[in-house]
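Student: Here is what each chain is made of, one letter per residue.
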Amino acid sequence: MSGNMNLTLKVWRQKNSQAAGKFVTYKAEGISEDMSFLEMLDVVNESLTKKNDEPIHFDHDCREGICGSCSLYINGHPHGPKQAITTCQLHMRTFKDGETITIEPWRSAAFPVIKDLGTDRSAFDRIQQAGGFISVNTGGAQDANAILIPKVVADEAFNSATCIGCGACVAACKNASAMLFVSAKITQLGLLPQGQPERYSRVQAMVAQMDEEGFGNCTNTGACEAECPKEIKLTNIARMNNDYFSAKLFREQHANDHAGGE
Amino acid sequence: MSEFKQTFNSSLGKKLIMALTGLFLCTFLIVHLGGNLLLFKNDQGFAFNSYANFLTHFPPIEVIAYILYISIIVHAIYALVLTLKNRKARPVGYAVQTKSKASWSSKNMGLLGSILLLFIVIHMSDFWYVYKYDNVLKFKEYRTDLATNVTTVGEYIPATAEFERSISTENNVEIVRVKDIHARVQESFSKLWYVAFYVIAMGAVAFHLLHGFQSAFQTLGWVHKKYQPIVYFFGTWFFGVIIPLGFALMPVVYYFQSISK
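Chains as they are written, first to last, in the UniProt record's numbering: chain A, 1 to 262; chain P, 1 to 261.
Keep in mind the hints are simulated off the structure, nothing from the lab.
For glycine and all other residues, C-beta sits at the position ideal for the given N, C-alpha and C.
Fair warning: there could be bad hints in the mix.
Just a few of them, taken from the derived set where beta-carbon distance is under 10 Å, the chain A residues facing chain P [what the hints assert, rightly or not]: (1) Ala109; (2) Val207; (3) Ile237; (4) Asn241.
Sample of chain P residues with no beta-carbon within 12 Å of chain A, all distances over it, derived [claimed, not checked]: (5) Gln44; (6) Ala65; (7) Thr151.
Using the sequences and the hints, build the whole thing.
Tutor: Now the structure itself:
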């Protein structure tokens, strides 16, 4: 697949987490407007490889917007200028022929750059491991319809569960705060009956881990909600705050009462 | 670390302190505006001066006043601590910054807050400090004929430096002698630059509360589909418009009164 778009790319190149990075300008030529943004980068990388240059490192996996691997801060927006899509779902027809595109990695102390545009997002994994699960012990599975869940509650939980953990919320936030991600995970479990037993220990464990990772603090600007590819709502953060304060101030469960704690 | 200390040292705990002190300061604004509306009473400062005396001599108000001062300081210090932490969370910034959908005031709370802190320091040193600790203010004597209810005003020179206020009745005439902070208000608001500074500061109040009021509810976790529109409406129209407009009108009206004399 080739096309007739010619673009100038300003790409952040950084050898490793310790090295200082800098922008390097590349020409992307013969790009089809039907390509995804990642396919465009593949074309550039192919030409770099042919020239014996180091290809641009970037994260990607499923390329259908559900895995949360791809990132890229494109022209000042995580996942590019379009709403509610990931970078792999971003098509080159979004850009004009001859345009200069600046591509940066997620910027956060908690997401150190591994190489070029790829960042280490394992901080999210550690937050999940601290409490983003339910403990299902032994026993036969009961009939699903035996547990009654109102439709609105199920919808709300499912909406929160669509979070793919890509980190765009952190990238978009002026404080590099992870609260939209953490609150989505807390909501997804906390709203459903299966998540109830560990609801108040979970929120404490996950917030404690979030703080430890060095993310910033939410100032309720709503930039995360605007940039989230899965349109996770800011109300989740309010729900997390509510659960956290009621856990800390009015309940006796501790963070380490959670099954995952030591 | 004790459980409570740990709670208030967490990211959410610090935000809770910001929200609670912020909302307390919001309630103070309502009372402060309500009381200061007496400035619009055309009685040569009788009601306002009596009110100022009441504020500084009623013990429960004194207690609340100190809670208020502490709230201002705590709100400012926590804002600073959180801002520094937030800066540390992004050591390398972005090369391309675009206009995000987040509101201007939500992104500039620190700047607006700094203007307000500067304003509070100047405002308190010009009125509160002068009233309580300086002896430069003169006294006024209001004589009200209880039969006709007509009040006449005159200067009063107290016999001792400790004098604060007296109320007495002679021949059916009520005599109230009280410190004249109203004259200070008139004098201060006759200066154009001073009036301009107050109006700018009230603009900062408007934008700070436009985001701050509803943001406090979000931080506390008090977000509910049924009540959120009310919070937004109240935060926008009451705290974002009516309160700052009411305050800003005081210096403006007094300035025009001073030049029309």
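Student: Checked against the structure, which of the hints given earlier come out wrong?
Tutor: Per hint list: zero violations.
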